[in-house]
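Enquirer: So the chains spell out like this:
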Amino acid sequence: MSKTYFDETHCAIGHPKSTFWQWMLTIDHKRIGIMYAAVMFTFFFVAVLTALAMRFELYAPGAQYMDGDTFNQAFTLHGVIMVFLFIIPGIPAVFGNIVMPLMIGAKDVSFPRLNWFTFWLYIVGCLVALASLFNFNIQEGELLFNFADTGWTFYAPYSLNTGTNVITTLVAAFILGMASILTGLNFLVTIHRLRAPGMDFFKMPLFVWGIYATAWIQLLATPVVGITLILAMMEKFFGIGIFDPSKGGDPVLFQHLFWIYSHPAVYLMILPAFGIMSEIIPTFSRREVFGYRTIALSSASIAGIGYIVWGHHLFTSGMSDIAKTIFSFLTFFVAIPTGVKFYDWVATMYKGKIVLATPMLWALGTIVTFAIGGLTGVTIAMVGGDIHLQDTYYSVAHFHYAILGGVVFLLFAGLHYWFPLVTGKMYNETVAKLAFWMNFVGINLLWFPMFIAGYLGMPRRYFDYLPEFEIYHEVSFWGAIMLVSGLFIMFYNLIQGWRKGEAVGVNPWHATTLEWHMPTSPPPLENHTKVPYVDFNPYEYHHGEPVVKFDENMKRID
Amino acid sequence: MSHEYVPEIAVDREGKEHEVQGWQDDIYGGKLGFWLFMFTEVMMFGSMFLVLTYYFTLHHQDFLNASAGLNRTLGGTNTVVLLFSALTMGLGLLKMRAGDVKGAKLMIWATIFLALVFLGIKAVEWNAEIHHGIFLTLPALQAGNPDSLPFGQILFFGMYFTMTGLHGFHIIIGIGIMIWLLKRINAGKVRPDHHILHFNIALYWDLVHLIWVFVFPYFYMIGAGDIGGVAHGH
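Same order as they appear, the protein sequences are chains A and B. Per the numbering used here, the first sequence starts with residue 1, numbered consecutively. Per the numbering used here, the second sequence starts with residue 1, numbered consecutively.
All clues stand as given, with none of them false.
Straight-line distance between alpha carbons at most 20 Å, and here's what the computed PhoX-like set of lysine-lysine pairs gives:
id, chain 1, residue 1, chain 2, residue 2
1, A, 549, B, 16
2, B, 183, B, 102
3, A, 530, B, 16
4, B, 183, B, 95
5, B, 105, B, 189
6, A, 530, A, 203
7, A, 555, B, 16
8, A, 203, A, 341
9, A, 425, A, 500
The following residues of chain B were derived to be distant from chain A, with all beta-carbon distances above 10 Å:
id, residue
10, 93
11, 112
12, 217
Simulated from the structure, these hints should not be mistaken for laboratory data. Built from N, CA and C at the ideal position, the CB exists for glycine as well.
The whole structure should be built from the sequences, with the hints applied where relevant.
Expert: This is how it looks when you write it as structure tokens:
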């Protein structure tokens, strides 16, 4: 046959000659993952700069750079981009796509064309979200900034009454939700069907377990928020009354439906991040992971428990005391499997040969920041504490410690860990470590003062504040400057590394999982030369050296 | 232009050969994927039933009164039509499996026809309701004017039009994919030995009729009894 396999199958439509169209139409999971990363990090920086603008405004009491309405739109923009465009597609879209099929020895995901479609659905969602920023007035040639000012949660009834572009934003969130569902569906089928022969569920790398648990959340929770958004749109267009108290509707019902999805969604964010941690810790401790099964099953149980705790977002919205007590009690349960994971990771490092490379630094930093984020979460899961602390900077600080200090830090850890896999090159370690320390010190300077300010009563989402909170906002500001500088240094370093970094071999970290046994680096189309037979555990080390070795035809030679 | 897909062979250390499942020609993967997609539909309609149940508890009598006003003859006819369409769809799949492509196509056409009948009856019903002044955005379903219905009835009809509307949308999508299926059969892409698309569309249609089987009693039948001297029908 004259045609290569690439011509036949690796574009969704036709066989384009130009590199540009080959990328736009690609169904190769690695290329799709790289494109996700490019788009996501672009939006990430937009949201980061929006947040920095808010920090500028908050440096001193009173209005300096923006008025209250603009501030409301700014935090909504920050929230919508960060949640729906960045962190929900997040790790699954980037590393789930690039690494997961390599880890299980598959040639691609189960539905490569669906994967391509999903990516473009995500792009459409991004464009609709961008369109909702503005009001277009064709007659007068005006372009008015009119983004939703509801916060990313779109709480009824305010979201139904405000004159800003809430509907467009809801449509965007709905489309992005569909993309998320289809990603989850694709990964579930891939993990069930395309594992290499011999690889049962308990021989899968732990990142795949994280993706698997996440995919179930994407699949089963996202439709609930989808229909909630549709009901909100129906409400806005036709006034069906579901969330409108003037027709007997109940606005609190919106909060219930919203959090039935959006609480599992935070586990959707963190579970693949924990998966990255479970890859990095054994690799850089040169030791088999401690408690493989408990880590794997705790991912599954976090996903399960995550469904039945949403009520803790409504402690002050009007719920019966018995419901509050039950939801509070159930919420504590999440801490158990999470704690299991943390102890397993620490135990893995015990007596290991720890290599303090950049990915490991990020992972270790996360153990600190996520512990702060997680444990403060337990304090606001208590009904009594929550009455005092909810809607203050305390919960803002908790959320950012958990999501930035947990999910995003681990995303960066993964970015440094799999960078040589994706690019075949290495970044500058010294600069990368400097960037880590700036981020690590920055996040603590930025958010720790908020715990104190929130405890003392600084409410969230205000653009002005009493003079006694000024010191906390000033410290936060300098922390933000440090964090953002660290981010710029980090990305500059990675881009420089990609452009002119030193070429490294296929397995620079001495890792054991299958994605480090590619024939070339970066991996070729169609991945492994031959699919290996998997009769080994994912993290087998002996005296600090990987046990399992393959020849060029993926036959074991150890 | 497509290659015959040949599955790869992985060899273990004893030299035993194991067939590798590729993403190509993965019938079970296709079925699994579509079943998972059906779960999302269940969660979506399930959430709406949750909303419905909540308001049914809050505004019990209003719901019964509003339900009593729906036309059970037309709704019941539609239920039968949809059940029959599920039968024709299933028979079509059986014929496809048995190798009778012509019979399968006939059955798909019958299903499309029944789906159109369903939509027609639906249109007659909605038309009658609009005639009675009951439709989204009409004064009866808005608050604070002399024609306003009680709270519970506004909510009932709000959910009624949303859910039957969304169900109708699924019927329309179903007609679209059945026409696509017919084109694929004509093009020889769906054959008795390769009918995963037909299988999945039949699965979709089953779910669409199953949702109606829950929608019908919840909207039409709860007010059917002679409760509190409520008048029947229009």
